[in-house]
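S.K.: Chain by chain, the residues run as shown.
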Amino acid sequence: MMSCTKMEERILAYVDGRLKDSERSETEKHLASCAACRVRVNEFRSVGELLDELPLMEPSPAFDVRVRARVAAEPVKQSWWAWLRPSPRIAFAASALLVATLWIGYRSRPITPDISPDEADAQMMQDISVMEDHDTLANFEPLKELPPAVDNADDADDSDHQM
Amino acid sequence: MLDVKSGDERSFELLLQRYRTPLVNFLYRMVRSREQAEDLAQEVFIRVYRAREEYVPSAKFTTWLFRIATNLALNSLRDHRYQKLEMSIDAPLTDSEEGDERPFEVADKHPTVEQELVEGERKKMIRHAIEKLPEKQRAAVLLHKYQELDYAEIAKILSCSESALKSMLFRAYEMLRVELAPLVRQGKEAK
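Just so you know, the protein sequences line up as chains A and B, in that order.
According to this note's numbering, the first sequence is numbered sequentially starting from 1.
According to this note's numbering, the second sequence is numbered sequentially starting from 1.
You may find that some hints are simply not true.
[To be verified] Distance condition first, Cα-Cα at most 27 Å in a straight line; then the derived DSSO-like pairs of lysine-lysine:
#, chain 1, residue 1, chain 2, residue 2
1, B, 60, A, 20
2, B, 136, B, 124
3, A, 20, A, 6
4, A, 6, A, 29
5, A, 6, B, 136
6, A, 6, B, 156
7, B, 123, B, 136
8, B, 124, A, 20
9, B, 60, B, 123
The set of hints was computed from the structure by calculation and includes no laboratory data.
Turn these sequences into a full structure, and let the hints steer you where they fit.
M.R.: In structure tokens, the structure reads:
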């Protein structure tokens, strides 16, 4: 049989209708045999009804205005990358710019030919008349001492004579 | 609240509209001053707004909201304790305070002046009974009765165990039963 002390622990949950079925039936058994607890339960219910009589108060019309003003005055707190979040377009444009910069950089790097130093010198000698001012080079004294350029056909003739 | 966290300003407006009345009423019943209750409610909303990015939905939003409100109210009562002691509990409410509580329902019957006086006295008695409760018990009763929060939520708000809360609520309702005994008897006789 449940005691009145145990009843004190349960009375509010009973009045609120928040007891489990088994607890509720145990409580009701106790109430059937205990007049004092029955009175208390009824009075707890009456207190609840009295509290319901207090009307609700509406906040003043200025309340919302003041809250909005205070919210608007709050400093904007953003992390260093937060500016990217609200606009995927900005994020896309930044990514595209980065890719374009890397691509242009790759394309414009100096191309070093994969040839030996001797071949490079011969190539330079062949191109020198095109690359440099021919008149300047033609009158350049040290160059006059060089033997005249020999054609490949002459080289072949020479080799035939030697044989 | 998760929408507010993701930066949706309209969701904050919805929160404001949904919780402004219960919050102001809870705080008004805690601190018994309309001006102070509205100031505290504003502070609650600002704290919610400031904490939106750190909000983790580990508990119900109402639990979090009323926890902030309860802490602010208890701190405010503590700060104003000396000032409050100077005021008599039976001091008549000012006109503006009486006018603060505007019932939503519009009476279709026209009560007589005498009925209005009786009704006014009755409400004053109920308000005073709530006001007489120790602060934490008062908060527990208000959250239980008017916000209809369950015991686990109220226990979280008041930072106590569920069994301690049940005991606290029992003591509070016992005290209200004693304070409101004349009205309780009237009710019995009327039935």
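S.K.: A separate judgement is required for each hint: does it hold in the structure or not?
M.R.: Right, here's what the structure says about each hint:
Distance check on the hinted pair: residue 60/B and residue 20/A sit about 23 Å apart at the alpha-carbon level, within 27 Å; holds. Distance hint between residue 136/B and residue 124/B is fulfilled; the C-alpha atoms sit about 21 Å from each other, no more than 27 Å. With a CA separation close to 15 Å, the supplied pair residue 20/A and residue 6/A stays within the 27 Å bound. Restraint check for residue 6/A and residue 29/A: satisfied, since their Cα atoms lie roughly 13 Å apart, inside the 27 Å limit.
With a C-alpha separation of about 23 Å, the suggested pair residue 6/A and residue 136/B falls inside the 27 Å cut-off, and the hint holds. Distance check on the hinted pair: residue 6/A and residue 156/B sit about 24 Å apart at the alpha-carbon level, within 27 Å; holds. At roughly 22 Å between alpha-carbon atoms, residue 123/B and residue 136/B fall within 27 Å of each other, so this suggested pair holds. Distance hint between residue 124/B and residue 20/A is unfulfilled; the C-alpha atoms sit about 36 Å from each other, more than 27 Å.
Of the pairs offered as hints, the one joining residue 60/B and residue 123/B is violated, with about 32 Å between alpha carbons and a cut-off of 27 Å exceeded.
Hint compliance for this structure: hints 8, 9 are not met, and every other hint is.
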